[in-house]
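Following my numbering, the numbering of the sequence shown begins with 4 at its first residue and continues without gaps.
Keep in mind that the hints were calculated from the coordinates and are not lab data. Misleading hints may appear alongside valid ones.
When the alpha-carbon atoms are kept at most 30 angstroms apart in a straight line, the in silico DSBU-like pairs for lysine-lysine are as follows [as the list claims (entries may be wrong)]: (1) Lys35 with Lys59; (2) Lys78 with Lys48; (3) Lys59 with Lys33.
Label pairs and their calculated CB-CB ranges [unchecked claim]: (4) Lys59 with Val89: 26 to 36 angstroms; (5) Ala77 with Val47: 17 to 27 angstroms; (6) Ile55 with Lys35: 17 to 27 angstroms; (7) Ser69 with Asp36: 14 to 24 angstroms.
Every residue, glycine too, gets a C-beta built ideally from N, C-alpha and C.
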Amino acid sequence: MKGKFSTMALLLSFAVFFAFTGDVSAAAMKPKDILAEKYPNEVVKLVKTDDINNDKKKESFILTESGNFYLINAKGHVVLINTGIVSDESLEPKNLFRS
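Using the sequences and the hints given, assemble the complete structure.
In structure tokens:
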């Protein structure tokens with residue numbers, strides 16, 4: 004009886020250990036790391052993180068050098084929103100009031 008109890012206690016302790024350490028949550032990882040895990044060749048140009056739908060969980064938007072625009076939701080799922088986005092930094096700002 005003592006052997007069955009210790010075996011059962013050992014299995015239960017392993018179950019509890021793996022239940023709490025199995026997954027790394029998306030909140031613990033940085034958005035750049037999550038994107039690099041799925042798309043290792045993408046170079047991140049801009050990251051903006053905020054709670055966009057008032058669920059008290061942060062979502063991140065990432066723009067890459069290749070012009071791809073991604074959403075990383077609170078669960079860490081990467082969604083490609085759009086491609087071919089180009090920067091207009093080289094253009095002069097518009098002057099609305101001409102002198």
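Query raised in the report: So which of those numbered hints doesn't the model satisfy?
Result: none
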